[in-house]
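Novice: Listed below, chain by chain, are the residues.
2 protein chains.
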Amino acid sequence: MKGLENRSFIPNLSFDCVIFGFNGKLLKILILEYQNTGVYALPGGFIEIDQSIDDAAKQGVKERTGLDNVYLDQFYIFGNVDRADPEHMERILTANNDNTKENSWMLERFNTVGYYALINYEEVTPTPDEYSDSIKWYAIDELPKLMMDHNNIVEKALQVLRSNLSEKLIGMNLLPSKFTMKQLQMVFEAVLDQKLRRTTFQRKMLSLDILERHEKLFQGKAHKAPYQYSFK
Amino acid sequence: MKGLENRSFIPNLSFDCVIFGFNGKLLKILILEYQNTGVYALPGGFIEIDQSIDDAAKQGVKERTGLDNVYLDQFYIFGNVDRADPEHMERILTANNDNTKENSWMLERFNTVGYYALINYEEVTPTPDEYSDSIKWYAIDELPKLMMDHNNIVEKALQVLRSNLSEKLIGMNLLPSKFTMKQLQMVFEAVLDQKLRRTTFQRKMLSLDILERHEKLFQGKAHKAPYQYSFK
DNA sequence: GCCTATTGTCTCATTTTATGACAATAATCC
DNA sequence: GGATTATTGTCATAAAATGAGACAATAGGC
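Residue numbers (the numbering used here), protein chains in the order written: chain A, 17 to 248; chain B, 17 to 248.
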């Protein structure tokens, strides 16, 4: 929402991003808190009149994470009439001394396009925008209450991610470019929320012929060092 | 687009429906032709300011097919800037003596929410709306050139339908409530565009425990009569 | 050099899917 | 009414995928 005053946006339409990261153990998402309000929300924004929705979302992710070329997938548009929440929005605007006539369009009914992003947790420095107090990682099962229907958006994003994980083989976007088989398995386990069998998982992944094997990773541990892989 | 003049719509947002039907052999979709223009398009429309997008789409399908309670699934929002096509729209409006100042918002950039519907071909009487000359079934591989990016929307709808067909078991929505195993197989073959093995298909469908078996269907043919099934 | 935890790879059992075989049957033809 | 024909429901066997465990090969600790 940077520089709102100088730009012209498509009315009644926004986007919201569920940005997934994996810290080695847990699946997390980025949640921001609006200044002086205690309101938690997904990072999102508006679409400029001459900007594609995808570009707007890309830009939003970049502003919040500093990352370019992120795996980003549009998964649903939330278009119920009752998802508008002018009270919350008014609190946010008032807290920023922006509750002006020119900004009153933000209090109208909004449809929002849901995106999910998969990023490499290690490469990210979450950056609050001018409206936000903080932007932080939250484990997927320890989310605060979010504004409007954002909890619902997260739920749907997670469903889509789960069903796409094996089909589209996108799990590696949550990892550094080189990773071990164990790391990959832990990503699958975190996303699907179930334990997988090591040998079966390994055989399956190798049989798909999508991984390239690299040198071993010596972790300084008292056991055999695992190979590293990258996505072909 | 009935009664445009008396309603207030969300700007820059529309919906378009890919309405699938199955005539016993081929997968078809409903395409309309605007009056006096030679322009072919998907049935679509706009969203009223106090109407959910789903409801708008439902209403659109009902106006075109007369059917209520249709299987309808939102699958994507097309949000590129270059998908606007003011020339085509102007031709349509001019042909209807509607190219007025009040309607000039229709010439702006539009994002469109894509829906696909699955309906029972036999129950439908396609009805043109006030802007359309005709609305007709076209086999999926014999579509005319459609306006804007509508061919692209159809392509994407077909992809989503294919990937959802087995997963969500929605194929029966293209059939009457009672159908034979052979009919069901032909739906799958038409959608997936590939031959399936009879015995494997039958065993799979029965093992899913989603079908209820009814009385046999005597077609007056010189062979064993097949059972009829319905979706549980 | 022995111990420990983890990894890569086999083996064998189990389940699922592919492919073909075959008897049952509804109408037609003599 | 009995032989004929096309299709259906179901079974039998082969092939492929997956589950579950065994085991030898390490990398570093002691």
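Because the hints were derived from the structure by calculation, they are not lab data. Hints are not guaranteed to be accurate.
Any copy will do: because identical chains look the same in the list, a pair fits if it lies in one copy or spans two.
Below 27 Å or equal to it, Euclidean Cα-Cα: the simulated BS3-like pairs (lysine-lysine) are [unchecked claim]:
1) Lys172 x Lys184
2) Lys78 x Lys194
3) Lys161 x Lys117
4) Lys248 x Lys211
Novice: Run every hint past the structure and note whether it holds.
Specialist: Hint by hint, here is what the structure shows:
no. : hint            : in the structure
1   : Lys172 x Lys184 : both (17 Å within a copy, 16 Å between copies)
2   : Lys78 x Lys194  : within (23 Å within a copy, 52 Å between copies)
3   : Lys161 x Lys117 : neither (29 Å within a copy, 45 Å between copies)
4   : Lys248 x Lys211 : within (26 Å within a copy, 32 Å between copies)
Hint compliance for this structure: hint 3 alone is broken.
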